[in-house]
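*Asks:* Residues per chain, in single letters:
Number of protein chains: 4
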Amino acid sequence: MTAPLDRLPDAIAASNAALRDAHQYDLDALTTKLDRRGLDIDTLIDQIAAFTIAVPSWGTGTGGTRFARFPGPGEPADILDKLDDCAVIHRLGRASPRVSLHFPWDGDDPDALRQKGDALGLGFDAVNSNTFQDQPGQAHSYKHGSLSHVSAEVRDQAVAHNLRCIEIGRAIGADALTVWVGDGTNFPGQQDFTAQLDRYLEAAQAIYAGLPYDWRVFIEHKIYEPAFYSTVVQDWGSSFLIASALGDQAQCLVDLGHHAPTVNVEMIVARLAFAGKLGGFHFNDSKYGDDDLDSGAIDPYRLFLVMREVLSAERRGMTLAHMIDQSHNVTDPIESLIVSGAEARRCYAQALIVDEDRLVAAQADNDALTASETLKAAFRTDVEPLLAEARLRSSGAIDPVAAFRRSGYRAAVTALRPAASGAGGGIV
Amino acid sequence: MTAPLDRLPDAIAASNAALRDAHQYDLDALTTKLDRRGLDIDTLIDQIAAFTIAVPSWGTGTGGTRFARFPGPGEPADILDKLDDCAVIHRLGRASPRVSLHFPWDGDDPDALRQKGDALGLGFDAVNSNTFQDQPGQAHSYKHGSLSHVSAEVRDQAVAHNLRCIEIGRAIGADALTVWVGDGTNFPGQQDFTAQLDRYLEAAQAIYAGLPYDWRVFIEHKIYEPAFYSTVVQDWGSSFLIASALGDQAQCLVDLGHHAPTVNVEMIVARLAFAGKLGGFHFNDSKYGDDDLDSGAIDPYRLFLVMREVLSAERRGMTLAHMIDQSHNVTDPIESLIVSGAEARRCYAQALIVDEDRLVAAQADNDALTASETLKAAFRTDVEPLLAEARLRSSGAIDPVAAFRRSGYRAAVTALRPAASGAGGGIV
Amino acid sequence: MTAPLDRLPDAIAASNAALRDAHQYDLDALTTKLDRRGLDIDTLIDQIAAFTIAVPSWGTGTGGTRFARFPGPGEPADILDKLDDCAVIHRLGRASPRVSLHFPWDGDDPDALRQKGDALGLGFDAVNSNTFQDQPGQAHSYKHGSLSHVSAEVRDQAVAHNLRCIEIGRAIGADALTVWVGDGTNFPGQQDFTAQLDRYLEAAQAIYAGLPYDWRVFIEHKIYEPAFYSTVVQDWGSSFLIASALGDQAQCLVDLGHHAPTVNVEMIVARLAFAGKLGGFHFNDSKYGDDDLDSGAIDPYRLFLVMREVLSAERRGMTLAHMIDQSHNVTDPIESLIVSGAEARRCYAQALIVDEDRLVAAQADNDALTASETLKAAFRTDVEPLLAEARLRSSGAIDPVAAFRRSGYRAAVTALRPAASGAGGGIV
Amino acid sequence: MTAPLDRLPDAIAASNAALRDAHQYDLDALTTKLDRRGLDIDTLIDQIAAFTIAVPSWGTGTGGTRFARFPGPGEPADILDKLDDCAVIHRLGRASPRVSLHFPWDGDDPDALRQKGDALGLGFDAVNSNTFQDQPGQAHSYKHGSLSHVSAEVRDQAVAHNLRCIEIGRAIGADALTVWVGDGTNFPGQQDFTAQLDRYLEAAQAIYAGLPYDWRVFIEHKIYEPAFYSTVVQDWGSSFLIASALGDQAQCLVDLGHHAPTVNVEMIVARLAFAGKLGGFHFNDSKYGDDDLDSGAIDPYRLFLVMREVLSAERRGMTLAHMIDQSHNVTDPIESLIVSGAEARRCYAQALIVDEDRLVAAQADNDALTASETLKAAFRTDVEPLLAEARLRSSGAIDPVAAFRRSGYRAAVTALRPAASGAGGGIV
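Protein chains in written order, with the working numbering: chain F, 1 to 428; chain Y, 1 to 428; chain C, 1 to 428; chain S, 1 to 428.
Excised from the complex, chain F in its bound form (with noise of 0.2 Å):
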């Protein structure tokens, strides 16, 4: 029988085939469009080539809700399982070499990690710590908070998961920490607000204080859920103050879906990067609140202004982290990574052939239509033939989802893995 993991290049190629054509007149057909601009396309697909967005080792399981989670067929069973469904996303999509981890979701067992990846050629970005849930045999609860609890103890114990996590991050070759703390109140009055903020800070520096030299943490902001009255970062502000007080390693993560209704996310981006404390991202998109899902589906053009804010910092010579943190409810987490990498990616051409000289004139014109008509133009360009080249040209495939589908893998690991429960959500 063939593993399932070898199933890939058969069926990247035979999908390949089918599509190639059709590839290459859109291809040509951009190409002449981009050069009537002066646009490289060449120069473009290095570019896009170039941008990559690390994959959450939890989203290739099936995510859920308060109320239910509804597993999928050949789920991974453990982080072996999920970095196998990750090496497939990458081999198909080519956007995805890295993968973020989440202790203690992922094991305490760091060569094996590093094997497993260097084995499946991927490599390691920001690890995750996690305080917001207990763990069976854990000494103290983290009901009432983790890094900003009222009791010390409870506080060195979120601090010490925290170094554990920069060591086992370490040695799989990570770089940097991401803190996302569920800490806050329910009830107004639960907590005072600056008693809190300054127990935080307290554990945070005891986080700061290991971090490596060469390393980051990346401080994440989030107004509510799971707590509903106060969040102890509920917002960028928060954040920005307190990858102040850390100091230079500390930076602050933007998770697209922890704002407020109505929010400018694109400016908090702006803003941070002004601020010198823009770290990274997690992408996915939402509707209502942190819906987490899938990058693009619910707002393609607000990906595409973020991206624009993306490309900028990049330009003055910022180094971002891109991750996606998604919950993949009710579709295969492998084709929505697959696909969310895509949409990013796409954001990302698309802010890259923005006729910048043409909008720096309208700006400085007060020209707000000419402004607004150029990134529109820059948006509705399809750019889905540089993305399939750029796959096409590192052995990926043009259509990725079909490929994937083609391959068999799911059916492969459903036969392999065992079945998951369909437990409840936190509701009973």
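Source of the hints: derived by calculation from the structure; they are not laboratory data.
Just so you know, nobody snuck in bad clues.
Under the rule of at most 16 Å between Cα atoms (straight-line distance), these lysine to aspartate or glutamate pairs were calculated in the EDC-like manner:
no.	chain 1	residue 1	chain 2	residue 2
1	Y	Lys33	S	Asp28
2	S	Lys33	Y	Asp28
3	Y	Lys277	Y	Asp248
4	S	Lys33	Y	Glu384
5	C	Lys33	F	Asp21
6	Y	Lys143	C	Asp365
7	S	Lys33	Y	Asp26
8	F	Lys143	S	Asp365
9	C	Lys33	F	Asp26
10	S	Lys143	F	Asp365
11	F	Lys33	C	Asp28
12	C	Lys143	Y	Asp365
13	C	Lys33	F	Asp28
14	S	Lys33	Y	Asp21
What you are looking at is a predicted structure, and each value in this text was computed from that prediction instead of being measured.
Assemble chains Y, C and S onto chain F, guided by the hints.
*Replies:* Frame of chain F; chains Y, C and S shown alone:
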């Protein structure tokens, strides 16, 4: 050893003894004050005592989020434990003589339920059907919907479950069914809005056809969660459409937290009353989404304004089902349910003392300031002495939470009940 | 001196000449691409050309906020100037052969209006009544409401104005009346929600009674502004209630920006179509409130999803009135209206090319990812060549804004029209 | 004929006489109740009397929306009239001894302002600069921005106006400048976020350089309006960035209505206090956007929670500027300002009586329910007798609105002042 429930009478007596003098002073002072306005204290107390609100069986256990659930000590292990806890709530707070059950969570043994209810002196309010989770051994999954699923088999299964809920409900003396489904979509295009509603309606009609002549069915809308792009019954407009299509026994249920941000919920209550389709409530409070916080904990004035509409509808002859629907993640559920019942009553009492003559005159005169001040004057009246007196006159506690803590009930059941697992939320 | 309007033909010709080759290349490439899917380009162009959208007379002047209004050069001084500007918009963009008038802003001389319209080749869409402002010499003030005012005299005055609007509308060949009122409250208690709706309904019935047999009346809802606590027709549910109470000639009008944050507007369109009460649209875009920004400027995918529902409703036989309702505060209104009409057409064109067979199959299969990608594939198709060709075939401009700027129209009218005052907003 | 202001003493005396007995009874009852908690009524009354809040000169006129402004009778014709009205507000309510002026609305004659203030016994709080409107004869337009405009000439003009405001402010005894600008964009791409902030900062530094050593400058943020896609100072994060860049004399001003929906405003207050950058407030209430409704009219508990943070900051030694910023569209502005000042004081008084020991113990114990109930207990205490007594002890009115109505002041000034025009909002 004293059975846990038997600890209450002494605790109530002792607690009341300590508080009685101050209570009487405050009651006298309030009597004098209300007397100036010609309001009779005894009439008010009777009206307050007549306002009751059902406790949800599921609410006696600790709730959770998709991130985690942190159980508390002495969690109820089954519906019989839950009913014991409901009895505690009512004996102390005197506001919740009925329990709202949820199936299949609450088993399938109506005789046992009825017997237990009779033994505890508790009745049953609307029963709730659950088709938003899969149960072990279930033939078809609700992953992609229930009443609106594309497959007739899934819809039939969901309809059958609702009919079974009615059957159980009849056997235990309930007279209404609440239908809330998680059906919806996470992606634009995932389903056709219109076809999905057609399917929902056909299934709902099959349930309606099985409704006893003296029953009501409550349609409950929700803007989002667990579906994150669209839900089939997303707002009161759709709920009203559905209830109208079904017939006179179908009415709309308003959960205070199921609306878009900034929406005027009290106005929705008024509109449904206007349309003759207001059936009942799920009370809770919220700041961001469906936070399911304790009633009145975040915005007590909004609860008061809702209660004004409740009172207005009842004065026009409508019979409304009042139920609590909250998730108690960080408090003792018994305490939260006692306090929430009292908060609902508090706002109802404040609604009762609004100077309606002054208000109507101000409205006729377009005197917005006086109208506003008339409501505020009622709202800022501290009616706690009335609530306490209503409890006292029916053998309850002046301060029910104090009495509960004094009783040692929680410690007693903790010793008797198995420890609950701290299993995580929907995320892992 | 050349009359301003006479400058257009040469400008169009010259602008088109410069763009024709590139346009033809892009059109050919798109033809090839759509041909793969079996789509006929000529059929599509005809369907696109058949989609038209009325321009609002008031939209040709610079808009403002309550803080300020900053007029632009060459503002139209009266309705005749405004109709000239509307003619420019249509001659360049070919998407807006009708104008939506607003009374009393647009005077009281139907003959002059009709003559001018005929001379310019413009027709008239739904007329709009204004009872949210006081006019000099008006007997009663609308400060505290119009159709729902506590005073019968004020209500009668507002009804009479609506009847006069119908009269004017008949005389100029319109066949619908749009009723939007600012009625509502700023304070809880200011008015009784139910009594206010009763009064509104009675007044609306008086208007409805005056409706010619072949007319429609459109009820337009809005969640807030100018009233800030409640509005009488706050959402589609109330709009639907009202339109149902009035009768078959009453339908609901959806302004895309009149909803609570995060609300799924395309679903509301679908629900009103389901209920048989969808009448028309006020198109615009928004990020926060009723921002009245240019259509598709903020969230073009949302506009596409709305257009999908529009197309679906039209395919089921409904006749919908499409109108723009925007406030052009920082752009040349003529340019914004041209672009906005094109944006609406763009999304309509993208809706036309959705692979419906693939979509329906994906829905039947609960394949959310394919369904989503099917919509996205249509949305990211750059249909600009189709739009340009549709304009070209009816003597319009390939790039209407470029042609407009080339024409010198704005400078020409600036020389002729009086300078507009920069009077402030409502704040001073 | 009695001068309008001279009508107050008799009206106050007569009104108080009618209410004194009931007031004394309620005060005694409350004294007894608070005494149980060891709270001294005289100390509380002194603390309440020490809390003052400035009245905005512009708030004495009727406000409007972009749709319309409906003036009331006896509108102030100029700043002298406005100061008279402010004197009425303070003489009745005793909470607002200072006025916040707005230039150029309030003229350019500091001597006249100071004389009038002295004559009325009124002082002056922070002065406000207006660069969001064009004034007749102004050299450059603010249509496309002021402090952040692309043109240095426009920026210079805006800076010069701010410096003039400081000059006037010094002459009248003010010691702070509030800078709020409408700068922002309506379209993605209209301006570059970063370049715009750079320009803003440079201009702000020029203003800061002109600040007297003992002055403060308050930076006021706002999420949207009049700009509808982005604003330069969009949230507290940007405000904090700016104030930090400027220096120690720059602080942040929080307008309660300038935030995204659902945002936890009291937490922002706490965060700015934490960062040492909390400077002051614009008080009002809101349900949807920047509704500028009367303080406490919509969500009084939120106002209380804000006041808790105010009190906490003041206890830590911060000096905060309290100002009202409301738009009185449907009420008599004098009445609304009296009531709003009283509401702010009410919440401050409720904050003063929070049982801090019990609260701190509950927080330490993670007893969220007790913590919540501790705040609620203070909030539901009817402190009206304390407020009335504080007024009474300084010659004010027990019921200031009743006394105002009895005085006939409005009718008297209506007879003297010219009728205001009912000019429309920004829309026409």
